[in-house]
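Trainee: Chain by chain, the residues:
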Amino acid sequence: MASKFRKALESGKFVVTCEIAPPKGTNLKKMLHHVELLKDKVDAINITDHQSSVMRFPSLGGALLVKESGGEPILQMTCRDRNRLALQADLLFAYTRGVNNVLCLTGDSVIFGDHKEAKGVFDLDSSQLIMAIRKMEKGKDLGGNDLDGEMEFCVGAIVTPEANPLEPQLIKFEKKIEAGAEFIQTQAVYDLDNFKKFMEYASQFPVKVLAGIILLTSAPMARFMNKNVAGVSVPQNLIDEMASAPKEKAIDKGIEIAGRMVRRIYEEKMCHGVHIMAIGREELVPEIMAAAGLI
Amino acid sequence: MIRSITQKKSDEEINRLLEGLNRIFIIGCGTCATLTHTGGLPEVETMAMSLRDKGKLVTGQMVLPVACDNMTGEMLREWSSKMDQADALLIMACAFGVQTIARQSRKMVIPALDTLFIGKETAVGCFDEICTQCGTCILGETGGICPVTSCHKGLVNGPCGGTNNGKCEIDSNKDCAWTLIYNRLKELGRLDSMRKLQAPRNHQREPSPGKFMISPGAQ
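Quick mapping for you: the protein sequence lines, in order, are chains A and B.
Here the first sequence stands for residues 2 to 296, numbered as in the working numbering.
Here the second sequence stands for residues 38 to 256, numbered as in the working numbering.
Because the hints were derived from the structure by calculation, they are not lab data.
Treat the hints loosely; a few may be bogus.
FRET-style restraints, in silico, Cβ to Cβ [as the list claims (entries may be wrong)]: (1) B:ASN239 / A:PRO24: 53 to 61 Å; (2) A:ILE280 / B:GLY181: 49 to 57 Å; (3) A:GLU268 / B:ASN202: 30 to 38 Å.
Derived coverage of chain B by chain A (criterion: at least 3 residues anywhere in the stretch with Cβ under 8 Å from a Cβ of chain A; other residues may be distant) [as the list claims (entries may be wrong)]: (4) 165 to 171; (5) 185 to 195; (6) 200 to 208; (7) 236 to 242.
The structure displayed is predicted, hence computed values, not measured ones.
No residue lacks a Cβ here, since even glycine has one placed at the ideal position from N, Cα and C.
Please model the complete structure; the sequences and the hints are all you need to start from.
Mentor: The following block contains the structure:
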């Protein structure tokens with residue numbers, strides 16, 4: 002069962018992915034609405050895995066829902082909540098249900114979330130999870146035991162191009178590729194000249210890169226990210242531009258900026274596509290794509 | 038020297054643990070808990086005063102030189118008459134001390150401290166956890182800095198995305214272990230060591246609870 006998303010990556014087209022967070026509870030209405038709205042407009046939809054360590058409906062359940070709705074899911078898997086047995090078991094299940102794209106992440110610390118006293122597992126790290134998947138595809142589990150039945154995933158990982166210091170992050174990036182990552186979705190980038198430099202380096206590796214775009218919703222939100230989100234740096238000129246818009250028009254300004262960035266990445270062929278994160282405002286992804294002239 | 042790092046439990050928790058126990062014997066420790074100001078002579082005296090204020094009878098108090106030492110048994114026997122009068126022993130030592138005393142005494146033991154970690158004094162009054170006794174030492178590949186302990190997530194293949202200007206995502210007072218390792222290996226010209234993809238760790242090198250016998254079979 003070949004992944005549709007892998008085909009899109011290999012087609013040479015400009016690939017667009019976005020992400021949806023499952024609900025806190027069993028009410029899937031809003032999520033379903035977003036899936037319906039986005040499934041035919043983007044190449045794949047990431048389903049986040051207890052994002053920011055907040056307990057939610059599982060990413061595997063969300064990915065199944067995308068699949069059942071006719072969309073192409075990318076299952077996000079962090080190493081925070083499951084040991085190697087549970088991670089492998091979930092991969093087996095995902096594959097049998099047609100979920101065959103996976104993004105491997107370490108995961109935020111539990112202390113950021115809403116179960117602050119929980120045990121963080123981290124039995125594997127992101128590169129070891131990638132290794133595990135590639136091993137399973139060859140018919141063996143991490144214990145070296147035979148697996149009955151085939152398995153094939155399109156496997157991705159993340160990188161933070163604006164991390165400081167950068168080189169340790171790049172060493173890890175190379176290890177993820179060595180482990181078998183075939184696509185990379187980056188942490189949010191805002192300084193595209195910086196990103197171009199990153200791509201000059203990254204393009205030597207056999208990996209498809211999707212630039213991370215986080216929709217700015219207001220100037221305070223941009224300042225908040227600069228202060229609190231590691232590896233995200235919104236330049237002052239963009240914060241000023243957000244601040245220049247009247248409050249009720251701030252979101253339009255954010256869409257304009259995101260659209261402009263996507264357009265430039267596309268026109269200058271900086272990388273293979275974009276990963277749009279409209280955190281909590283997923284319904285705006287088509288507007289960003291329209292602002293970029295992609296639809 | 039390795040030290041057992043402790044912190045006093047909250048008054049609420051100590052009150053709860055001592056509920057219904059009116060006659061208390063207090064034991065401090067002259068080693069680590071003295072160094073961390075959690076169970077030395079001044080802290081034991083403060084605790085005795087505070088218990089009296091709460092209407093408890095302190096049948097006695099002492100500071101053992103090294104609570105986790107086997108000599109503790111001898112010391113306890115010397116003080117046995119005052120201990121025998123107590124409903125419980127309130128121990129202001131680390132959990133090694135609490136358990137050593139529990140094995141040598143017939144009394145109920147109540148810890149007044151939480152044992153945070155086994156650490157090292159890295160500056161005056163500053164203690165850092167640097168080894169978690171994982172059983173599979175990788176210091177030879179990380180420039181002598183332990184990521185299993187010093188990285189919040191125990192990652193062995195490099196930093197996570199939360200690394201921030203050399204600090205850990207969970208606390209800007211804590212260094213990112215992988216920035217330290219990177220700097221050290223770079224200085225040593227050994228970044229190749231960091232580039233090596235490390236296999237999943239063996240978490241069962243010595244299955245918990247640890248036990249080690251110099252001559253297997255001898256007990």
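Trainee: Next step is simple, just say for each hint if it's right about the structure.
Mentor: A quick look at each hint next to the structure:
1. B:ASN239 / A:PRO24: 53 to 61 Å: violated (38 Å)
2. A:ILE280 / B:GLY181: 49 to 57 Å: For B:GLY181 against A:ILE280, whose Cβ atoms are near 40 Å apart, the range 49 to 57 Å is violated.
3. A:GLU268 / B:ASN202: 30 to 38 Å: holds (33 Å)
4. 165 to 171: Coverage by chain A is violated here, the residue count being 0 at a Cβ distance below 8 Å.
5. 185 to 195: holds (count 7)
6. 200 to 208: holds (count 6)
7. 236 to 242: Answer holds; 4 residues pass the 8 Å Cβ test.
The structure shown violates the earlier hints numbered 1, 2, 4.
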